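Chain by chain, the residues run as shown.
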Amino acid sequence: MTGIANVRELLTRNLRQSGIFIAFVAIVALFTILTDGTLLSPTNLTNIVLQYSYILVLAIGMVIVIIGGHIDLSVGSVAALAGAVSAVIVIKGGAPWWVGVLAGIGVGLAAGAWQGFWVAFVGIPAFITTLAGMLLFRGLTFRTLDNISLSPFPSEYAQIATGFQNGLLGGPGYDVFTLVVFAIAVVAYVISQIRARRAAIAYKQTVGATPLFIVKLVAVAAVVMWFAWQLANYRGLPNVLIILAVLIIVYTVITTRTVFGRHVYAIGGNLTAATLSGVKVKWVNFGIMLNMGLLAGVAGVIFSSRTNGAQPAAGNLFELDAIAASFIGGAAVTGGVGRVGGAIVGGLIMAVMSNGMQLMGVEQSIQQVVKGLVLLLAVAFDVYNKRRAGAR
Amino acid sequence: MANNILEMRKISKSFPGVKALSDVELHVQEGEIHAICGENGAGKSTLMKVLSGVYPYGHYEGEIHYDGSEAKFHSINDSEHAGVVIIHQELALVPHLTVAENIFLGNERRAKTGLIDWNRANHEALDLMEQVGLHENPVTPVGQLGVGKQQLIEIAKALSKDVRLLILDEPTAALNDSDSAHLLGLLRRLKERGITSIMISHKLNEIESIADRTTIIRDGKTIETIDMSEPESTQDRIIRGMVGRDLEHRYPERIDHTIGEELLRVEDWTVEHPTQPGRIVVDGASFNVRAGEVVGIAGLMGAGRTELAMSLFGRTYGRNATGKVFKHGEEIHTRSVSEAIHNGIAYATEDRKRYGLNLIEDVRRNISAAALFKLSKRGLVDGNEELKVAEEYRGSMNIKTPSVLQYAGNLSGGNQQKVVLSKWMYTDADVMILDEPTRGIDVGAKFEIYTIVNKLAAEGKGVVIISSELPELLGTCDRIYTLAFGRITGVMDVKEATPEALMTLMTQERDNTPGEDAGAEENDR
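From first to last, the protein sequence lines stand for chains A and B.
Take the first sequence: its letters are residues 382 to 773, numbered as in my numbering.
Take the second sequence: its letters are residues 9 to 533, numbered as in my numbering.
Since the hints were made in silico from the structure, they are not lab data.
Predicted model, so just to flag it, every value in this text is computed and none were measured.
Keep in mind that the hints are not guaranteed to be accurate.
[To be verified] Computed list of lysine-lysine pairs in PhoX-like fashion (alpha-carbon distance at most 25 angstroms, straight line):
#1 A/Lys661 / B/Lys169
#2 B/Lys408 / B/Lys385
#3 B/Lys332 / A/Lys585
#4 B/Lys382 / A/Lys585
#5 A/Lys663 / B/Lys382
#6 A/Lys661 / B/Lys332
[As the list claims (entries may be wrong)] Residues from chain B shown here face chain A by an in silico Cβ test under 7 angstroms; the list is partial:
#7 Arg226
#8 Ser346
#9 Ile349
#10 Thr357
#11 Ile368
#12 Leu380
#13 Gly387
#14 Leu388
#15 Val389
#16 Asn392
#17 Pro479
#18 Gly483
Each residue gets a CB set at the ideal place from its N, CA and C atoms; glycine is no exception.
From just these sequences and the hints, can you work out the full model?
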């Protein structure tokens, strides 16, 4: 039976998910007012993207870890080690920039495989394994760098996180290329949404009302194109944004459409039921940790590129930002629930708050207090939601 | 006419969108054992939560009169203070704490210094344990004791709170027959001491033997309270009240079917305990299932029924499993769950909430969970096809849910079981092992499950039903194997089988090793 869901039903059914978008819009609005619009200026928007990209990369991996019912405290150290190894190879050893990139990612994979082995096959809780990893990989970072910072990278390496794609199509005062890329993305998004909706109707599923669907598409298109316009008016399309967009698309597909993704949700939701349904739990757990290592490696490369060097203390407390992003984005503390999109929005909430408070000149100490409270409230909201659902 | 210790008058309780109780009357006389019967979802547990203060005063309509005056319980502490103690189906004991620690949890015996006086606590615990007939050391961790003994600890805990009205929610659901008998005997002794009991139960023969009066609740309303001493107060009378219709046939008519070729044969299957090497839990079990046949495995708790099934199903229980498995006459291996599934074997677990379903996932994805390989190409799941499949099963299995996108945790027990069965049917298994398929679900839903079992057999599948309820096995199976102390002690055609004959085989001990520690296997899982 084809049904039409009304707005209220859609909102209440996904309160956990839709609540996060509403909160995001409210926080953006708040800081736009508090900073007299500086928050949304072309320069600042570009800055936010550059400054928080590696946290968002980590958040993608972290939300998958959390859905699987685990936690990873070591991602900051792994990212630091990836950057350090890359720096030693490229800066000290004189290898080409891309060797450094591959080495950094390889270090991440190796660290992920190491932790995956202990978590999946030995059965050590991820909390302990990665707490040990946090110390282990930080120590290795210090050894690798001999306790000193290394810089600078060759300019190609630095371009990964600080470069832009622009001027390819020219443009009077703004970058046409950026606008074209975003326009193509928007068209692709609209087409995929319409296709999904058609398929849903063909399979007699409940879909949102047509006007609502159109409003949603127009709103998304307008916001995205406005964002593109702002970027185009500064320096164009940041390279990291391209990397990030690819990762978001790939991991959204992995979590929602693949057997692996489904198995991650299954073991986080009910481990025994998953085992008895034929899920190869050990390998899924190994895959989760391996993937987190991979993304920590990517984040390490991006961070070292952005800071144009490697520091022994790099990546300190990254894990907490990534964990906070996942929980703010609606992941459940007990596993089994969460979304890549949610974690990205959660990460953006953290980013906008940090950036907004920096623009306002709020002291670092107060910033930490505010971020801590936001994380606490986000999880409290999750717990409250569950209690309300459980009371029936 | 005895005094009413409790009168619940015109109790109504609503949840968003549902009226769980409407004008329920429950009058309990001092010193009686009062049973409450009703299908799942009839409102029994809600009523007990109102009584015990889980739903505080003001969150329901109506009046509770307890011990002659109106009671306004704002919390469980209030009701316990008044001597009303509820023992939930899922026992509220901490496995790593000792018996004495559990008994006095939240009610610790303190010395004048404010510290806990353990000597006094252990001594008093021993006294309470004596009263409930539990002969254990009070410093034994509770987790080392069986479910039956844990149930006794809960009662001892209630006695320590000077209980006057004891509420038991399905107290014997997880107990074997001898533990159940012991518990019921204890309730009788408590009654002699003047303690009133309210017992929620699905086991009608127990109610018939122990209850003084029975109140039947259906759809949130009191149907009637019957005096069990009257001759016409039979099990059928209670069932009639519970379902609102005559249930002449508790088991559906078998669809005419022929039994075909042998599907599965297990030979000499032996499994050791997972943590105690050398201890044999399943000992040389051999059995077979033919196409279109429903085979029962009858055994008391601890006989190794679940252990047999789970070790066959991808070695999910025990270690050092040996023996041979044949499918269509050819030897197969079931070393992992997915190997078992791909060999056409399905196993629906006994505790669907804990082991069978992902309660925070929707019905659709629970149905597809064991057969994603059918829905995926190159690792990508076809979400639309998945939805179609779920909708088909919702229709054919009569799963009552507003949508297949509903969380499995929101469904009633019977409908959850239908989701579990759908999940396994979708794997295209031709041998379905169903472990306690109707435990904890109401009479109406049981009938539906039996109908599904019949249909599966008529389609030529082989069904193995593991159950502790003999009438259920006698009502649904073609052949029944009996399992005792890990060994298969016999097999009977259903036409020749009687409960007495089966029970004899189910209690048959091994000749050479008398005094096997029965009942322990099930408990330390």
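Should the interface hint for B/Arg226 be scored as holding, given a Cβ-Cβ cut-off of 7 angstroms against chain A? Since the shortest Cβ distance to chain A is 20 angstroms, the answer is violated.
Interface hint check: B/Gly387, Cβ to nearest Cβ on chain A, cutoff 7 angstroms. Holds or violated? holds, 5 angstroms
Per the CB criterion, is B/Pro479 less than 7 angstroms away from chain A? violated, 28 angstroms
Do the numbers back the hint for B/Ile368, that is, is its least Cβ distance to chain A under 7 angstroms? Hint holds; B/Ile368 Cβ to chain A Cβ min 5 angstroms, cut 7 angstroms.
When the least beta-carbon distance from B/Leu388 to chain A is tested against 7 angstroms, hint result: holds, 5 angstroms
Interface restraint verdict for B/Leu380 against chain A (beta-carbon cut-off 7 angstroms): holds, 5 angstroms
Straight-line Cα separation of B/Lys408 and B/Lys385 no greater than 25 angstroms? violated, 31 angstroms
Hint B/Gly483 vs chain A: min CB-CB distance below 7 angstroms? violated, 27 angstroms
Cut-off 7 angstroms, beta-carbon criterion: hint that B/Ser346 touches chain A: This interface hint holds because 4 angstroms falls under the 7 angstroms limit.
Restraint check for B/Lys332 with A/Lys585, where alpha carbons must lie at most 25 angstroms apart: violated, 46 angstroms
Can you confirm whether the C-alpha distance between A/Lys663 and B/Lys382 stays at or below 25 angstroms? Given that 25 angstroms is the threshold and the Cα spacing comes to 22 angstroms, the pair holds.
Does the CB of B/Thr357 sit less than 7 angstroms away from some CB of chain A? Since the shortest Cβ distance to chain A is 6 angstroms, the answer is holds.
In terms of the numbered hints stated before, the structure departs from hints 1, 2, 3, 7, 17, 18, listed from lowest to highest.
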